[in-house]
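Participant: Chain by chain, the residues run as shown.
2 protein chains.
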Amino acid sequence: MDIPKLVHDLACRARAASERCAELTTAQKNAWLKGAAKRLESARESIFEANQQDLAEAREKKIEAPLLERLELTKDKWKDMLAGLADVAALDDPVGRIEESQLRPNGLEVARMRIPLGVIGIIYESRPNVTVDAAALCIKAGNAVILRGGSEALHSNLALALELRAAAQESDVPEDAICIVPTPERSAIDALLHESGNVDLIIPRGGPGLIQRVTESSRIPVIKHDAGICHIYVDENADTEMATRIVADSKLRQMSVCNGLETLLIHRAAAESSLSKILAKLHEEGVEIRGDAATRGIFADAQPASEADWATEYLGPILSVRVVEGIDEAIEHVRRYGSDHTEVIVTRNPERAQEWLRRVNSSTVGVNCSTAFADGYRLGLGAEIGISTSKLHAYGPMGLEGLTARKFVLRGDGQLRE
Amino acid sequence: MDIPKLVHDLACRARAASERCAELTTAQKNAWLKGAAKRLESARESIFEANQQDLAEAREKKIEAPLLERLELTKDKWKDMLAGLADVAALDDPVGRIEESQLRPNGLEVARMRIPLGVIGIIYESRPNVTVDAAALCIKAGNAVILRGGSEALHSNLALALELRAAAQESDVPEDAICIVPTPERSAIDALLHESGNVDLIIPRGGPGLIQRVTESSRIPVIKHDAGICHIYVDENADTEMATRIVADSKLRQMSVCNGLETLLIHRAAAESSLSKILAKLHEEGVEIRGDAATRGIFADAQPASEADWATEYLGPILSVRVVEGIDEAIEHVRRYGSDHTEVIVTRNPERAQEWLRRVNSSTVGVNCSTAFADGYRLGLGAEIGISTSKLHAYGPMGLEGLTARKFVLRGDGQLRE
Chain A
20 MDIPKLVHDL
30 ACRARAASER
40 CAELTTAQKN
50 AWLKGAAKRL
60 ESARESIFEA
70 NQQDLAEARE
80 KKIEAPLLER
90 LELTKDKWKD
100 MLAGLADVAA
110 LDDPVGRIEE
120 SQLRPNGLEV
130 ARMRIPLGVI
140 GIIYESRPNV
150 TVDAAALCIK
160 AGNAVILRGG
170 SEALHSNLAL
180 ALELRAAAQE
190 SDVPEDAICI
200 VPTPERSAID
210 ALLHESGNVD
220 LIIPRGGPGL
230 IQRVTESSRI
240 PVIKHDAGIC
250 HIYVDENADT
260 EMATRIVADS
270 KLRQMSVCNG
280 LETLLIHRAA
290 AESSLSKILA
300 KLHEEGVEIR
310 GDAATRGIFA
320 DAQPASEADW
330 ATEYLGPILS
340 VRVVEGIDEA
350 IEHVRRYGSD
360 HTEVIVTRNP
370 ERAQEWLRRV
380 NSSTVGVNCS
390 TAFADGYRLG
400 LGAEIGISTS
410 KLHAYGPMGL
420 EGLTARKFVL
430 RGDGQLRE
Chain B
20 MDIPKLVHDL
30 ACRARAASER
40 CAELTTAQKN
50 AWLKGAAKRL
60 ESARESIFEA
70 NQQDLAEARE
80 KKIEAPLLER
90 LELTKDKWKD
100 MLAGLADVAA
110 LDDPVGRIEE
120 SQLRPNGLEV
130 ARMRIPLGVI
140 GIIYESRPNV
150 TVDAAALCIK
160 AGNAVILRGG
170 SEALHSNLAL
180 ALELRAAAQE
190 SDVPEDAICI
200 VPTPERSAID
210 ALLHESGNVD
220 LIIPRGGPGL
230 IQRVTESSRI
240 PVIKHDAGIC
250 HIYVDENADT
260 EMATRIVADS
270 KLRQMSVCNG
280 LETLLIHRAA
290 AESSLSKILA
300 KLHEEGVEIR
310 GDAATRGIFA
320 DAQPASEADW
330 ATEYLGPILS
340 VRVVEGIDEA
350 IEHVRRYGSD
360 HTEVIVTRNP
370 ERAQEWLRRV
380 NSSTVGVNCS
390 TAFADGYRLG
400 LGAEIGISTS
410 KLHAYGPMGL
420 EGLTARKFVL
430 RGDGQLRE
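These protein sequence lines map, in sequence, to chains A and B.
Heads up: the first sequence runs through residues 20 to 437, numbered per our numbering.
Heads up: the second sequence runs through residues 20 to 437, numbered per our numbering.
In isolation and in its complexed conformation, chain A is listed as follows (with noise of 0.2 angstroms):
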């Protein structure tokens, strides 16, 4: 099988379906989206079973624990997916959308519109509903999209995407419009990775590896989303029993999101008075705790970090902790160990929580909540493609808006230039 041919094959025909994809109305790609939940429902049985196979397949290869759960297709995860749908379909749509219009001084009206990006590539790992879940989005901004899913996921993405496409070919938006690669070679990934003439963006989701692959070998623009290395700032002034809820929120209610709580800083003086009991909630949950030596005076159950751990995204029943003299060192240590995703302040005092929001600089930062706001759904995007941690185009929780770009239109009678 000649790879790069057959990459380069899929993303023509996707490159012409986008052109069709930027005129959809609406109510087309709703359409769409409405009978793609209807084709998927009646086959539900056979992508239960293409499931089965690669679940089978995978157990045979002594795949671990975690990816298989993330490969399994439940059915709270089905019913999930299907609703994505009806979700997104319900979304108003960005394209055509009139943006700043202004009159300039000559009469010319110059106003901006938001138009599809193009073709999207998506890469991802294991997860089978990312591939109805990005497919849903990406038409919906009038964009065409080139999925390319694990290997271990290949039999129920394939059957999901025949629905996807099926569904296409009974409405308006074009089939290629959903392509999916169909083999499991991963050098259908450089091969992808060189269409710049016919891919716009791709978007890589999964772990480390496969974001630096991407992003080292990549032709196209890439929006990374990367680690969670999350913190909060406990201040001096802080209310105890609100840091200690929502420090127990951002570490406990999922640890295996990237949202989550990774470090603590806290202030000495709330260290003092305050550590002891945050922790304590912590600590009884099976939480291990990682401190600096203030942080062991203070909690004697806690195991000395390393430099190590103050950059390590745990994604699990670990918290790293150390204290700090204040707002400065607090921040100085956000910029050097983190990765811009969450950052959040407890405090009592306004203009320290202002302080935070201005000089801290990733992607959501925040006064008094959990980190895990930080997502589309939660922010008021509606649906949510990824987390961008790179500043370029989108930074943060990304929607359909993040899939669009915006372009200049002028209307004259006649205006010149000279």
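Note that these hints are calculated values from the structure, not bench results.
Some hints here could point you the wrong way.
[Unchecked claim] Here are the simulated DSS-like pairs of lysine-lysine, each with C-alpha atoms no more than 25 angstroms apart in a straight line:
| no. | chain 1 | residue 1 | chain 2 | residue 2 |
| --- | --- | --- | --- | --- |
| 1 | A | Lys426 | B | Lys426 |
| 2 | A | Lys96 | A | Lys80 |
| 3 | B | Lys426 | A | Lys243 |
| 4 | A | Lys243 | B | Lys243 |
From a predicted model like this one, the values you see are computed outputs, not experimental measurements.
Put chain B on the given structure of chain A with help from the hints.
Facilitator: What follows is chain B alone, placed relative to chain A:
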């Protein structure tokens, strides 16, 4: 000289400076802009001497006339450059601006705040005035800048940067916020393009060779300011007088700029009634007309247009002309040969106008106006770092806002996600 090390050191210093730049107040940045204008004015003689040295060396190397013209710092350019500093000082500071604030149902306030991008690398050709223009815009948007101008302008650029840095020393702007690559070695460009840990964005400004080389080698996101193959489509119902004036303004005002007209498309009906008139004016002014068969049938002075003509940015006194059957064929031509820069329709039909604005996704699309309005100043951006022809991050004329990103800002009073 160890070029990669030299460039790496420079990039590290720019990165460190960028953290301070992000926290500068508007007054601090404006004080630097004003101070820089003063320093430049008092160093005027030595800067012109340096420019004369560059010009003498360029003449010795038999460098062609248009490049010499761009290299020369004339009195007019000098005046514009200094006026530019005052203009940028007068622009609103985007940094810290709150946009799209909303209250979520749980009482959490969610807003977006503009922040600087960090470190911006500008790679440009021979115009020394870009050194000052680009530095002013980057610093006003809270960024540090690394400047890499053409080797033939090195003395001029070093002399200019010396004053910009001296003005920084006299203000709160860190000196290393303005870095200049102090060597003509081309390998310095490759070294810069690999500083992905320290440089956030690369903006190349120059010919297609430079753009292609930068895009292909960069490990850092690039915003391309590519060719402008701009089109005007004259519809069947167009006002002949208006079409004639708009075509003339778009082609004749300034031939060497990227927003100049390169291809005229005209509806068959309009061609029969108006094409001779439209082209006569241009022909009188010395513009060579290259047309398809239908054009040549109407306008006898036209030369035959080849396939290559449709894809050529002339930047000079040549215009390609094609007669089309209607708006569909015109749009198809623009999509096939255009460069996503600027396309204008001349029509009396408001539905046809709307169709053009909606379906053509170039960065600037217009109705009944000159293509020459595709310019940051004319569109109300206040200034322009370039015109992006790629959709990611910025599309079309790019001003201060394009040099910033937006973070999410959350203000709560103890909200948990649980």
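Participant: Evaluate each hint against the coordinates.
Facilitator: Now for the hints, and whether the structure bears them out:
no. : hint                  : in the structure
1   : A/Lys426 <-> B/Lys426 : holds (22 angstroms)
2   : A/Lys96 <-> A/Lys80   : holds (24 angstroms)
3   : B/Lys426 <-> A/Lys243 : holds (15 angstroms)
4   : A/Lys243 <-> B/Lys243 : holds (20 angstroms)
Of the numbered hints stated above, none is contradicted by the structure.
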